[in-house]
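Engineer: Please model the complete structure; the sequences and the hints are all you need to start from.
Chains as they are written, first to last, in the numbering used here: chain A, 1 to 440; chain B, 1001 to 1275; chain C, 2001 to 2300.
Calculated from the structure, these hints are not laboratory results. Watch out, some of these pointers could steer you wrong.
[Claimed, not checked] Computed list of lysine-lysine pairs in DSS-like fashion (alpha-carbon distance at most 27 angstroms, straight line):
no. : chain 1 : residue 1 : chain 2 : residue 2
1   : B       : K1132     : A       : K330
2   : C       : K2143     : A       : K265
3   : B       : K1102     : C       : K2289
4   : A       : K162      : C       : K2050
[What the hints assert, rightly or not] Not everything, but these chain B residues come out facing chain C in the computed CB check (under 7 angstroms):
no. : residue
5   : V1020
6   : P1026
7   : P1046
8   : M1115
9   : M1116
10  : T1148
11  : S1158
12  : E1178
13  : L1209
14  : L1250
15  : L1253
We treat Cβ as the ideally placed atom computed from N, Cα and C, and that holds for glycine.
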Amino acid sequence: MKRKLVAGLLSAIMILSLTGCGNSAAPAATEGTNSTGNKETTTTESSTTTAEGEAVTLNFWNVFTGSDGDILRTIVDNYNQTNEDNITINMDIMPNDTLQQKLPAAIATNTAPDFVLFGVENIAPYVSNDSLEDISDFWETADVDKTNYLDNVVDLSYVDGKMYGSPMQYNVQYLYWNKDLFEAAGLDPETPPTTLEELEEYAVKLTDSSKNQYGLGLPTSATYMQFLWANGGDADDVNTNENLLNSEENLKTLTWLQNMAVNEKVTPQNVSGADADAMLQAGQIAMYMSGPWQINGLNEQGINFGIAPCVAGTDGAYSPAGGCSFVIPKGTDDAKKAAVYKFMKYWLSDAILKEWSQKNGFPVWSKTLLEDTDIQNDEVLSSISEATEIGRAYNLGYPLASQIDNDVMIPLFEQVITGASTPEDALKQASTAMDTVLGQ
Amino acid sequence: MHKKVSIKNIIGILLTLLVVVSVLFPILWLFVSSFKTDAGVITYPPQFFPREWTWKQYQYVNQSIPVLKMLRNTLTFAGLTTLISVSFDAMAGYAFARMHFKGKDILFTIILLTMMVPFQVIMTPLYLEEFKLGLLDSYAGLILPRATSAFGIYMMKSFFQGLPNSLEESGRMDGMSEFRIYRSLMLPLCKPAIVSLGVFHFMNNWNDLLYPLMLTSSAEMRTLSAGLAVLVGNKAIKYGPTLAATMISLIPLLIIYIFCQRYFVEGIATGATKE
Amino acid sequence: MNKIKKYQVHNQKSAYLFIAPSLIILTIFVFVPLLSSLAISFLNINIFMKDISFAGFANFKKLAGDARVSNATINTLIFTVAEVPVQIGVALLLTMYVAKNNKYTKALRAIYYLPFVCSMTAIGIVWSMMLDPNLGFIPYLLKQIGFETISFLKDPNLALPTVIVVTAWKGFGYTLTLLVAAVLNIPESLYEAANMDGAGEWRKFVNITIPSILPTISFCVVTTTISALQVFDQTYVMTQGGPLNRTETLVQYIYDRGFQTAPYDLGYASAISVYLFTIIAVITFVLRKFVLDKGENANA
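Structural biologist: Written out as C-alpha cells, the structure reads:
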C-alpha cells in the first residue's frame, strides 16, 4: 500500500516538475516535433521565419579564439551593418575542443548553427558521417568565379569530388628566424638555411644553453611531415590505405632529427607548441617552424624576424598545408543556406580577403588579389608567397587523419625528439600503431 | 592567555607560515603579472614584479567580451543553483541522518553512486536529454541538473548526524510536524554547514567551464569563465589577457569568500557546542 | 508501543518527501544519462550518432587489449594513492596548529582556503607558467641558487608528482576547514581528563582529537578519493596527458577517444567509462566498509 502511494507521489512530482521546467524554459521546443522547424525556436529567440526578403538571422559558430577572432568579429559586425539582404549573423566563438563536443550532438538533434567555421581537417570525418551539406552548387548559385582561386586552396574543402566548404584562409608552415640572434651568432641575418644540413649547422651555432637560448624549437606535441617528405618519406597512402612508415628514408630522417634534438640539444626539451611560441616571442628560440599566426605576436613583441620556406632534403622542400573553411551543417534549410552563400561570397571578395591577409599575415590565394599593388608591396605577404608555394596536403580528406596524428605520428615524433626510444624502436612502434588505425 | 615558547610552538609557527607563503606566492604572482605588458609576461630572465604597471590587459578583456553581461549570467546561474541545491541537499541529508525509513541504505548508496560519474561520461546523453525536454540554452536547463548533489547530501548528512537527539524529541513532544522540527529546530543549528556548502556549490558552478558551454548555444547565455576561455587563443596563446581574465573571474569569488568566511570558520563551533 | 509504530509510519512518509526532490533530480539528470552511457557501451556508435549497430562486448574486448587503458589506469591509481594522503595529511597536520579560535588562526584558515576558491583552470595556467623551465619564475629561482634547470611538468618522471602536488595545494584548505570545524566541536570535557594526567599535545591529538573527528576524516577520505579517481581538469590544463602519456588518466583518455580524436568513438569511450565507474564504485564500497563504518561507529 504505502509503497504504491509513494511511487504514485513520486511520479506525480516528476510529471509536475517536468512540465514545470518545460514551461519555464524560455523558448521550449515541443517534444518530438521534427527537424528544421524547431531549430529556430531552440537556438535563438531572435530568429524569425525566413521567407524571401524578410530578415534572416544566421547562427554562426567558430573556433577563432584569441586575436584573429577580434578581426573576424569586426568583419562580421561590419557585414551585419552594411549588407542589403537583411541578414544578421549571430557569432559565437568557442574553444576548438568545445566545438568538437557540441557540434555532432547539435547536428544529430537539429539544434546546430546555420554555418560553422573550422579547420579543413574536420571536413572528412563530418562528411563520412553525413553531417555536412553538399554545397557543390555554390560557385554557380552564388555566382563566384572558382577559377580565380588557387586550386590547392579550394581543393582542401572537397571530399570525393564534392564541395563541402567554402575556403576562408589557407596556411602552410614557415621557417621563422630571429635576425638579431643570427647576427649575434655570426651568421648572415638575411640568409636563412635552405637545406636540412644547413638547418642543423645553424641550429648548433645558435644554441647557447648558458643563456637559455636554443637554435631550433621542436615542440613535442606536433608532427614534422616536412622533414619526412624532404627526404622522400611519408606516413601513409590515403588512396590505398597503405602504411608507408617503415622506410629507409624515414629512419634516416628520424635518426638525424634525434641526433639534433638529443645529442646536439638544439631544442628546449619537452616543450609544447604554446611554450615554444612564447620562447620564440621572448627571443629564446632562433628558428622555428609554424604557421602564419605567429606573425602578429612576433610583431607585438618587437622581434626582428624573417620568414622563409621550410628547408629542403634530398627530395625537395615541402610544407604541410592547412586551412579553414565555412561549412553548413546538415539540416540547415534552403532559405538559410541561400543566406549563408551570400556571406561566403562576401568573404571571397577581394576587399575582405585583402583585409584578412593584411591584418593577420595569412597568404593570399585569390589570383586577382595577387596582382594588387598593396599586396605586392606588403613586406610580410610577399615574403611568405614563396614559402606558400611548397604547401603539400597531408592526409587530405581522409577520415582517419586525426587518429593517425594523435595515435601514431605525434607519439612517434615525441619518442624521437625526447630520446625516449631509438629511432628504430620508435618507428617500429609507430608502424604497428599505424597498422591498427588503418586496419579499422 | 599566557604563552609558552617551546620548540614545538616554533615548529608550528614555521610550518604554518611556510604553507602561507606557498599559498600566497602563486596568487600574488597572478595578481602582479596581470599588470604586466605582453612582453613582460614572457621575458627572460623572468621578473616577479612588472617593470611597468599597465591596465592594458584588463582593457583588452573588457573590449573583447561583454564582461558585465557575463557576470550577470554567472551570478544568476551560480546563485540560483546554489540556493536550490543547498535547500534540497539539506532536506535529503536530514532525512538520511535523522529519520528511519525503508530502503534508506540502498537509496543512500544509490545517491553516492551518482558522485562517481565524471561529467565527461554523461555529457552527450545529457545534451540529448535536455534537447528532448526542451531545456537546452535556458537557465532552467543549466540549473536543474545541478539542483542537488550527492556531495551536498553526504555532507549535510554528516553534519546532522552530529546533532544531539534531545532536540527533535522535544519537538515531537510539542506535537510539531516533521517539517517544522527540521525547519525551526534543526536547520538553524546547521547554518555554518549550510553556508560552507553554499560557498562550495557557488564556487564550483562559478568556475565550471565545460558544463555551461555544453548546454548553452548562444553567446547571450555565456557565463564568465566560459567567456574568458575564449580569450586564451587557439593557435597563439595570449598570456597577458589570460592572466587578467583569470583575475577578473577570481575577484567576485574572493569578495564573497571574505563575506562568508566568518560563518563557517567561527560559526560551526558555536553551532554545535550547545550540547 | 502503538504510539511508537504510528510515529514511525508518519516519519517514513515525511522522510520520502524530504528526499524526493533530490532523488527525482538525480534520477533524471544523472541516472538516465548514466544508463544511456551503459547502453552506448554495447553499441558501435560515434559522436555523430548515425549508423548505429549492436556491438556486443566488442568495446570491452578492445578495452582489455588497449595498452593506453592500462597505462591510464595505473596513472589514475598512482595519482589517487598519492594525492589523497598528501592532501588529508597536510590538512590534518595543520589542523593541530590552527584548530583554535584567535585572530591569528582565523587569518591562517582564511588564507589556506584561498586556492580552493580559484578554478582548476586558473590554477593550472598559473602553475604551468610559473613552473615553465624556460620562462617560469620557480625554475629560474632554483637555478639562481645552484640547482639544475628542472622541468617539473615536462619531465616524464616529474610530471605526475607535480600534478599531484598542485592538486593537493588546491584542495588541502577545504579539507582543513572541515576538519577544523569538527575539532572545534569536540567537547572541552574530553580534554580535561587528559589535561589532569598531564598528557602532551601530541598524545592528546592522537588519542582524543583524531578519534573524535574520525567521521569527518572518513568523509574527507571518501570524497577526495572519488574526485581523485576522476582527475581530469588539472591534467587537461597542465599536461594534456603528456609527456609520453605519463599523466594520461582514465577520464582524460575517455575524453580523448570520445571527443578529441576522430572517429570520435562514443561506444568505446562509454565502455571505458563503465570500466572507470566500476573501479570507483568498488574502491568507494571498500573504503566505506572499512574506513567509514569504523568512523561512524567510533562516533556513536
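Engineer: Could you tell me which of the hints above the structure violates, numbers in ascending order?
Structural biologist: Hint check: nothing fails, all pass.
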